[in-house]
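Reconstruct the complex from the two isolated chains, following the hints.
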Amino acid sequence: MKYLGFNVRLALLLGVLVTPAAAQRPFPDTSAAEIALLLRTKGMSGGALKILMQEHGPQPKGKLDAIADTLTEIAISYPGDSIRSVNVRYEALQTLAASGRRLRGIPYTGAAERLAQIALSGSSVRGGALYALTLIVDRGRALQLLRQVATSRNAIAYAAVGHLARDMGAEGLALARQLYLQDSAREPNAREELERMARYYKWQ
Amino acid sequence: MRWHRVGLPALALLTSCVGGEISSPKVTNKAPVPNIDQLFCRNKPCDPIQIDWQPIVLGTGGVDPCDWQELRAGDTVQGQLSTRGIRIALIKSTNRASECVPNVSMACTPNPVAWGETVECTVSINPIPPGAFVDFGQWHFHGPGDVEVEGPANYTWSGKMIVSGFVDIQVIVDNWGFWAYSEINVNRRTWSWANEIGGRRGNPGEIDQCFDTETTAAMMEGQSCTSSNPGALFTPTVLSNESGYSSARVQDYGPNSGLWYLGSATATMQLRSQIARNYRADGDPHPMVGESAIVNSCVDHFGNANSRNTHVVNTECQTIQGFLDFIDFAWNHEEATHMSPALAEGRKPASDVHLLWESVVVQEGPEELLNRASIKYTGADDNVQRAAKTHTGDTVFFSFRRFLSNANLWPLLGEQWHLVNTGFRF
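Quick note, the sequences are listed as chains A and B, same order. Its first residue numbered 1, the first sequence is counted upward by one per residue in my numbering. Its first residue numbered 205, the second sequence is counted upward by one per residue in my numbering.
Bound-form chain B, shown alone (with noise of 0.2 Å):
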C-alpha cells in the first residue's frame, strides 16, 4: 500500500468547562498553538465548543489519535498544552478524526492469477473514523504497450485478466488523499512453437520455385516460399488476422476490459532442403549425344540413345561416384549448415514466434494488434535468416557428367574441367 496525505485546516469539535485544573504529563509541542479561550478539565462538566485548530505532533507519551475521545469526568489526560498562561488538556472529538489517518490498503486476489481467470481487487480503509467521508475516485490499471483501461468508482473492481500490470485508485478520507496501488502478475499461457517447428529433405518439386537451379546447387527454404518472396522460412509468409494467429478482445469490464490480444497462433516454421531439379531424378533429359563412352553406356543400360537426364546418366549408364558424393554433400550441406541452426534458432525465445506473441496486447484494435504481431513475427524471421545463412569453407568440386548444352557433350568435369561458377554454391 502507498499513500501520501494531505495535511489542511480541520474543524474540530472539542469538550470544554470553565475552571479547574488539569494534571497531566508535559507535551512536547512545535506546532501553532490552537486559539483555545476555554479551559478544560475533567472535574466539572464540559460544554462543547468547535475551534479551528492545527494537526500537531505529540512527543513521547503521546496518544494514538485514534484512540482519542471526548472527555468525561474521570477520564486521564494525556497532553497539555499551554496558552496565555492556561493550561489545557488536548483531547479529540468523536465527530471529527482528522488527526485518525486511516491506513488504507489493497489487495488483489488471486495474485499471481491465472491467465484469463478473474481477480479481484478492493480498498480497504482502516479505520474509518465515525461519520467520515469517503470517496473513490476511478480504477486504473496500466500494463504494457502503454494500456489504460478506466475503471468504476467504486472500493472493489474485478474482471478477466490477460496482462500483467498495476491497478490504482485515488480514495478520499476526510480531507486526506490516498493511492492505493497493487501489482498484478498473470501467469503466462504456456505457449512455444519449439516443438512444433521442423524441417526435412523436399519432395521432388518442392521449393524449386525459389532458386534458380542454373547458379544453385542445393537450397534450404521454408516450405511456403515463393518466387517473389523465395527466402521465406515462415508460414505465413504474409501475416495477418486470421492468418498465423486469431485475435480476440476481452470483453467483461475489469482491469483488461477492451484489450486486444492473440487468441491463438498457427504460424509455424517447415523448412525444406532440395537440390536443384537439374540432379534429380526429376530433372529435364538431355541428348545422348558427344562422348561416345557415356553414349554407348546408355544404349547398353536402355538399350537406346534416348534423351537422359543427369541423375539416370551417373547413376544408370554409369555409376560416377563423384555424383553419388556431390548428392550426399549437397543434402547435407543443407541440413547441417542452413537448417539445423535455423531450427534452433527457432526454439530460442527472441525467434520462438508463439512465445514472442503470447504477451502482445493492445487497446487500439485489430489493426494495431496485427503491427505489433508483426514487428514480432520480422524480429524472429530476421534471427532465424542470420542464423541460417552462414557459410563456411570454399567452393566444392565433384567429378561427375553434365550435359555442356553449349558443345553438346558429356564430360566427366571436375579434373579436367572447371564447373560452372567455379564450383557448386549451396
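This is chain A alone, in the form it adopts within the complex (with noise of 0.2 Å):
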C-alpha cells in the first residue's frame, strides 16, 4: 500500500483500537473454531490449508491438530443430505487431503491418520477420504493405512483392496498379493475383491 505511514500499518495489522461495534477481517487464520464456523455457514474452509501447511511460518502442533480435528469431525458428521451439505463435508475433506500432499509449504504430517478415520466412518465421503490417502505424500504410512482398512471388517474393506492393487504401484499390488495368500482378508466384499485380483493376475 502506497503511502501509509508505518504506525498506522502496524496498528492496523496488530488490530489495535479496533471499536466494538467493528468486524475484524473476514478470513481469520486463527482458530479451529472460527473455521469450523466458517464451513458450516459458508462452505469455506477460511485459509485452514495454508495453515496446516504452515505456509506463513511455523505453527504450534497443538493447532494444526486442533484445526485437522474440527475438518475431520465435520468431514464425519456435518448433517444433511442436500448437495449443499455435501459439499460442506468435501470441503473439510479436501482441505485435509490436501494438506497431505506436495502442494505448498510443509506437508502435514497428521493428514493419513485423520483421512483413515474419515474412511473408516458411515460418511458419504468416505470413498473419497480412502482414495485420498493413495495421494499422500507418505507414501509409507498409506499403505499401511490401506493394509489396515482392507483387513478389518469395515465395509470400505474392499475398496481398500482395490486401492492397493491399482493405486500404489507395484508395492501397492505385492502387498494385495500377501493378502490373499494368507488369505487376511475378513469382509466378504473385500475378500472377493482379493479372488477376482487372483484369477486376474494368477496369483498361486
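Derived from the structure by calculation, the hints contain no laboratory data. Some clues are possibly wrong.
What the hints assert, rightly or not - In silico DSS-like cross-links for lysine-lysine, where the CA-CA straight-line distance does not exceed 30 Å: (1) A:Lys202 x B:Lys593; (2) A:Lys61 x A:Lys50; (3) B:Lys364 x A:Lys42.
This is how it looks when you write it as C-alpha cells:
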C-alpha cells in the first residue's frame, strides 16, 4: 500500500483500537473454532489449508491438530443430504486431504490418520477419503493404513483392496497379493475383490 | 459493510481570536482537554492556529463532526470546553476532519451473479473529507478450496465469476483504516447426471470379462468394467483430464482470475446385467452323452446328437420350466437387487458426479483439479457400490439340466442333486 505510514499499517495489522461495533477481517487465520464456523455457515475452509501447511511460518502442533480434528469431525458428521451439506463435508475432506500432498509449504503429517478415520466412518465422503490416502506424500504410511482398512471388517475394506492393487504401484499390488495368499481379508466383499484379482493376476 | 477505525492523534486547524465571551450549551467531555491557549469567540476576527488535540466525545446536543466548519462571525457555537478557567468553543477545521468518520461501503453487482457472468465490486466512501488522504489496498477474493486471488489496488474490481466467496479490501481515509468486504453468490450451473445414467440387460458378451461364470450365475457391473477392474461401475474407470471431464481456467483479471474448474463433465454410469455365458444361447456346447432321455430328446429335435449348450438342452431339446424360472430369476435379481438401487443412489446429491463436480475449483493447476475431482468421483462410486452390493435371501435352487463334465452327464439337478456351490450365487 503506497503512502501508508508505518504506524498506521502496524496498528491495522495488530488490530489495535478496534471498536466493539466493528468486525475483523472476514478470514481469520487463527482458531479451529473460527474455521469450523466458516465451514458450517459458508462452506469454506477459511485459510485452514495455509495454516496446516504452515505457508506463512511455523505453527504449533496443537493448533494444527485442532484444526485437522475439526475438519475430520465435519467431514464425518456434518448433517444433511443436500448438495450444500455434501459439499461442506467434501470441503473439510478436501482441505485435510490436500494438506497431506506436496502442494506448497510443509505437508501436514497428521493427514493420513485422519483420512483413514473418515474412511472408516459411515460418511458419504468415506470413499473419497480412502482414495485421498493414495495421494499423500507419505506413501509408506498410506500403504500401512490401506492394509489396515483392507483387513478390517469395515464395509469399505473392498475399496482399500482395490486401491492397493491399482493405485499404489508395484508395492501396493505386492501387498494385495500377500493379503490374498495369507487369507487376511475378513470382510466378504474384500475377499471377493481379492479372489477376482487372484484370477486376473494368476496368483498362486 | 464492516469497518474498524484507528484513532490516532490528528492535527487540527482551528480558528481563534483573543478576548470576548461565548455563550453555548455545556458539553460533557471525558477526554483529555486540548492544550489550547487562546480563546475562541464569535464576535471578533479569528486567526487560525495549529494545535494537537485528541478526539473527544460530545455529549447530548453534540454536533455531527462532519458538519463542523470554520468559525465565522455570526456563527452559533454548539459546544464548549473549559480549560484553565477560559471557556472555549470546540470547532472543527475544514482542512482536517479527523473526527468526521466516513462510511466505507462496498457493493457488488449483480449479486447473486449467474455462473460465468461478470460482477463488479466498487468501494464507496461517504463523505470524503476535503483534502483527505485516501488509499486502497489490494483486493482479495477468498473461496472454497482455500483459493485466494489478489486483485488491483483500486476502488473497483470486476471479472468473470465461477465460484461464490468473499471479496475484501483495505481502505485508508486519512488515519482511519477500514476493511470493506462483500459476499458474492454465484448461481450454480445446473449440472446433473441424473437423467443420463441408466442400465439395461447386457447383450451377449457384454461384461463377460468381469465375472467368473463358473462360480457366478449372473452379475451386474458397469459397461466399462474390465478383468483387472471388474467392479467398476463408472465410465471412465480411470479418470483423467479430458477423460471424464474437461478442464478450463478463468482468463481475466477479476476476482476469480486464474482459477481452474471443470468446463464439462462426460463421466457416466451405464450399468449392465448379464447371465453367465454357460446359460446363454451363445454358451459353449457339450457332448450329448449320458442320460438317454435328454440325448434322445435332442436327437428327436435336431435329427442328430451334435453337442448342444445348456440353453438349447433346456429350451429346445426339452422345455424345462426350472431353467426358464432360473433365467427369469437371474435377470430380475440383478435388476431389482443391484441395478435399481445403484441407479437410485447415483441420482442422489452425494453420488451425482456431475453435481459434485460443478463446484470443484482449484488454484494450483490441472493436476490438483484432477485430484479433487477424483476424490469426489471415488466417493460417489463407493456410495453406489454400497447401495448395489446388498444381498438378501439365501441360496436359491432351480431344477434343470446341466452338463457335468466330470461325469459326462446331463442330470436334472436340483431335487436330486445339489447344485455346484450349493446353489446359484447372484
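Here is how each hint holds up against the structure:
Taking the CA atoms of Lys202 of chain A and Lys593 of chain B, the gap is near 25 Å; set against the 30 Å cutoff, the hint holds. Of the pairs offered as hints, the one joining Lys61 of chain A and Lys50 of chain A holds, with about 14 Å between alpha carbons and a cut-off of 30 Å not exceeded. Using a Cα cut-off of 30 Å, the hinted pair Lys364 of chain B and Lys42 of chain A holds, with the two alpha carbons roughly 21 Å apart.
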